[in-house]
Every structure is written in C-alpha cells, then in structure tokens.
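Since chain A is already given, all that's left is putting chain B on it; use the hints.
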Amino acid sequence: EPEVTQTPSHQVTQMGQEVILRCVPISNHLYFYWYRQILGQKVEFLVSFYNNEISEKSEIFDDQFSVERPDGSNFTLKIRSTKLEDSAMYFCASHHGRDRNIEQFFGPGTRLTVL
Amino acid sequence: AQTVTQSQPEMSVQEAETVTLSCTYDTSENNYYLFWYKQPPSRQMILVIRQEAYKQQNATENRFSVNFQKAAKSFSLKISDSQLGDTAMYFCPPAPLSGDKLTFGTGTRLAVRP
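The listed protein sequences correspond, in order, to chains A and B.
Read in this note's numbering, the first sequence has 103 at position 103, and its numbers run on one by one without any break.
Read in this note's numbering, the second sequence has 203 at position 88, and its numbers run on one by one without any break.
Chain A on its own, in the form it takes in the complex:
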C-alpha cells in the first residue's frame, strides 16, 4: 500500500542552524502539507502546496520557513535559522484531490530537537 515517507525520523540541531526535512508524498497525490506538533500540544497547520506553489500558509510559517518540490517526488521543508521553539514533530501529508479523495495521508513525522 502506498505511503508517505519522511526523513530523517529524528534531527538534532544547534540553534541558528539550517535544517531540511524531507518528505516523499504518495506518487499520484497533488496536494501537499506540512504540520507541526509541539510536544503535548495540538497539531498545527504550517503550509499547503499545490501546482508547484504555496496555496496557503499559517502565521507560524514566517520568512524562516520555505518549502520546495525540487524533483517531482520530494517535498521539503527548510528552516533557515532554527530557534529553540521550533522543536516539535513535523508531519508531512498529501492527498489526491480528485474525485473527492481528500483524506490526507500522513507520514510518520520527523522529530526536530533544537539545542
């Protein structure tokens, strides 16, 4: 069964460093998302991506964040200069978008720890 994959599963970084979180959505999906979940808190939307551009972003998604789909399969989230408060689980999700198939399939998440 197709699934969304994410790498790495756990990333530890120093404050101020750049990190890139990688996701491979399900191959025929058209809509892509990043969410994050700070430990003990609810899941928060970061950004949605369709047709090679951002379709919506939240207040959290400031200039430190960027997304890219560089090669038609990977979908990456870059944080340019990490802060302590960026420590969280980051989930990638995708859905097909056609024929009302809009349930989002989530990846296993990347745990980001900023020291």
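Just so you know, not all the hints are guaranteed correct.
Selected chain B positions facing chain A (Cβ under 10 Å, derived; list incomplete) [what the hints assert, rightly or not]:
1. Leu162
2. Lys216
3. Phe219
4. Pro229
Computed far set for chain B versus chain A, every beta-carbon distance over 10 Å [claimed, not checked]:
5. Thr133
6. Pro156
7. Thr175
8. Phe183
9. Ser191
10. Leu199
11. Thr218
Calculated from the structure, these hints are not laboratory results.
Bear in mind the structure is a predicted one, so any value in this text is a computation, not a measurement.
A virtual CB, placed ideally from N, CA and C, is assigned to each residue, including glycine.
Then chain B, alone, in the frame of chain A:
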C-alpha cells in the same frame, strides 16, 4: 475558518467494551468531510473513518462508527469491542471539499485497559 472542540481530554475503557468520543465543530462551509484520526504513541497520524457531510447515513468501518448530527455540528466516534491497540490520541478535523488544510482540536486521549 473552522474550529473543533473535543470536550473529553482523557477517556478510559475496559478492553472489549464500547466507548464514545465526542466532537463538535464549526465551519462556514456547506459541504465538507469529517475525519477521525488516531495518533498512537508512535505519533503517526492514522485515518480511522471519514464522513461526507452531504450524506445522512452514518459511516461505519468495522468496529468504528460515527454519529453525525449536521444541524448540531456534532460528530462522535463509537469504538466497539475496544482493543489495546486502540490506545491513542483521537482527533476529528473537518475538511472542506476543496481539500483545504485540516484544523485539529486538542484531541481525546483514549486508554484501553486490559
């Protein structure tokens, strides 16, 4: 804009018994989907069941069923014959037909006791 309220932060049920998790929501959309996702300790988000708001019939999926009350904007999840593997956080985000972002509530933490 969408909001979700899950009024039960924690629930506990004996294995093999039935439990109902409540969810109310607000949305400006007329047509939308509702989902129940579970997040076990591994923290992966897994779809449990979905309901299309334009359908009156409540969705069922094996041991999982929903009670959807559109006018009341209520969408509860019933888990029958609870199993230890049902132990997880449960979320009920709505989604418009355009496939917009999911809005998550605070979730309900369900513990199934052996």
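Hint-by-hint comparison with the structure:
Look at B:Leu162: its Cβ gets to within about 5 Å of chain A, closer than 10 Å, so that hint holds up. Hint status for B:Lys216 relative to chain A: holds, with the closest Cβ pair at about 4 Å, below 10 Å. Evaluation of the B:Phe219 hint against chain A yields a held restraint, the C-beta minimum of about 4 Å falling below 10 Å. A least Cβ separation of about 25 Å between B:Pro229 and chain A goes past the 10 Å threshold, and the interface hint is therefore violated.
Taking the minimum C-beta to C-beta distance to chain A, about 25 Å, the non-interface status of B:Thr133 holds against the 10 Å cut. With 10 Å as the threshold on Cβ separation, the claim that B:Pro156 sits away from chain A holds: the shortest Cβ distance comes to roughly 12 Å. The claim that B:Thr175 is not at the interface with chain A holds, since no C-beta of that chain comes within 10 Å of its own (minimum 16 Å). The Cβ of B:Phe183 sits about 16 Å from the closest Cβ of chain A, beyond the 10 Å cut-off, so the non-interface label holds.
No Cβ of chain A comes within 10 Å of the Cβ of B:Ser191; the nearest lies about 19 Å off, and the non-interface call holds. No Cβ of chain A approaches the Cβ of B:Leu199 within 10 Å, the least distance being about 21 Å, so the stated non-interface status holds. Here B:Thr218 does not stay apart from chain A, with its beta-carbon only about 7 Å from theirs, under the 10 Å limit.
The earlier numbered hints that this structure contradicts are 4, 11.
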